[in-house]
Amino acid sequence: MKLNAVQYGDPSMRIMKTPRSLDLFVTGRCNLRCTYCSHFTSPGDVDQDLSTEEWLRFFEELKRCAVMKVCFQGGEPFLRDDLAELILGVARNRMRFSILTNGTLITDETAALVASTGRCDLVQVSIDGSISTTHDAARGKGSFRKALDGLLLLMKHRVPATARITIHRGNVLELEQIASFLLEEIRLPGFSTNSATPFGLCRRNAEQVQLTVAERTLAMEALVRLNSKYDGRISAQAGPLAEALNWSAMEEARRSGEGSFSGGGRLTGCGGPMSELAVRCDGVMIPCGHLSHMELGVINRDGLAEVWQGHPDLKRLRNRSSIALTGFESCRGCDYLPYCTGNCPAVAYAMTGDAWRPSPDACYRRFKEAGGRLPSSSSLE
Amino acid sequence: MNSIRKPIANPDLVLREEFDDWAVLFDPDSGSGYGLSPVSVFIWNRLDGRTTPAEILADLRAHFDDVPDNAEAEVTEFIDDLARRGFVGYEVPLSGQR
Chain A
0 MKLNAVQYGD PSMRIMKTPR SLDLFVTGRC NLRCTYCSHF TSPGDVDQDL STEEWLRFFE
60 ELKRCAVMKV CFQGGEPFLR DDLAELILGV ARNRMRFSIL TNGTLITDET AALVASTGRC
120 DLVQVSIDGS ISTTHDAARG KGSFRKALDG LLLLMKHRVP ATARITIHRG NVLELEQIAS
180 FLLEEIRLPG FSTNSATPFG LCRRNAEQVQ LTVAERTLAM EALVRLNSKY DGRISAQAGP
240 LAEALNWSAM EEARRSGEGS FSGGGRLTGC GGPMSELAVR CDGVMIPCGH LSHMELGVIN
300 RDGLAEVWQG HPDLKRLRNR SSIALTGFES CRGCDYLPYC TGNCPAVAYA MTGDAWRPSP
360 DACYRRFKEA GGRLPSSSSL E
Chain B
0 MNSIRKPIAN PDLVLREEFD DWAVLFDPDS GSGYGLSPVS VFIWNRLDGR TTPAEILADL
60 RAHFDDVPDN AEAEVTEFID DLARRGFVGY EVPLSGQR
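Those sequence lines, one after another, are chains A and B.
Residue 88 in numbering that gives the first Met the number 0 sits at position 89 of the first sequence, and the numbers go up by one each step.
Residue 32 in numbering that gives the first Met the number 0 sits at position 33 of the second sequence, and the numbers go up by one each step.
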């Protein structure tokens, strides 16, 4: 009989009864049209925002399901006139929240309200340059100044705030200036990075925004160097910095003869379906914002727990981790197979039409064969 | 073991029970989570302000096999630990009451 509390996140835990967190795409509208926007023209681009009452009713179900946190996204969540009411609804139902925003519509009043809840984990503001010319070129005239004003208002009210840099062809040569601006001038504790991904408008504008192999190499080198300079204050879940670190680890493991990585050799790259779910702006439940075509049910009509536990598409996504990479022609003979997880199913789907195969964009061998190079090993120390 | 005081679970906390009978005690104000084993969950669900620790221990013995001899000490320490963390409280008697 064991009474002591165990470490939170015990790896022996299996699938949960309900998701721990949800991404709520509370609106499909946005006041900007960024050239690499993953939302517009994607399957998530549906022209129907739910009412306040529908969302509040759903939050009550989230409370019954003991969901711990939600992330307000869009479109642009601050476009909703009732966002304050939704935020208070989340807090009233014993959850925490974060917000992903372009920052241009944040007012002193809304920043103060967010702070007053005491339940905000993070507000992430998209900033793509250290000067307006760079940022506005991809996001729209005047957006840099407004985004910065929004970020500063959040900081004034001590809301945990960060910036997200989406690295694309228009700003890849300015990473040093951006890092200096955000970390030294604005004095953010840190910021995160990603690169323009093959969803939505980015696909239409791919030549304009998506990094070439050479630019990817350059970005990796710059970000690794800057992250060292700034003591780890730059983070990434995807994009050049994440790739540099992951692929370098794979290269090192191959050279040292290390057997394999945990989860390596199978499509284990996405853990989302084990703990998270998402809801489109029209109330349709989906696995995540980039698999918006995979409709699992409708909130307030289908039970969250029932969908989470029983929907065949979710079960199939979870079972993706049992698929061996050796079964794919593109992976045959790859030296990095024991270390590779196949990465994001949504990117795989966007690029190949099949979410049950490895993402071509995350293939290290392909990157090398195209002339890509990792940062030198000394810069990674 | 205190036979009078009846511990009350903090109603602001959220208990997330999981498939394998383990649970997370989540504090939405701080964002922190505290893992509970199946036995701990059993005890937590009886911290209702009406049940004494001695009664909880008796329930435990009736419900689980192989309850060790030191269970009383473990239950006491567990509840005391929860109280130290602010997860459990006790009703304060009104003046004149014992």
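Note that these hints are calculated values from the structure, not bench results.
Don't be surprised by glycine CBs; every beta carbon is placed ideally from N, CA and C.
Treat the hints with care, as some may be off.
[Stated by the list, open to error] One-sided excerpt, in silico: chain B residues whose CB lies under 7 Å from chain A:
hint, residue
1, Val13
2, Asp19
3, Pro27
Hints, verified against the model:
| no. | hint | result |
| --- | --- | --- |
| 1 | Val13 | holds (5 Å) |
| 2 | Asp19 | holds (6 Å) |
| 3 | Pro27 | holds (5 Å) |
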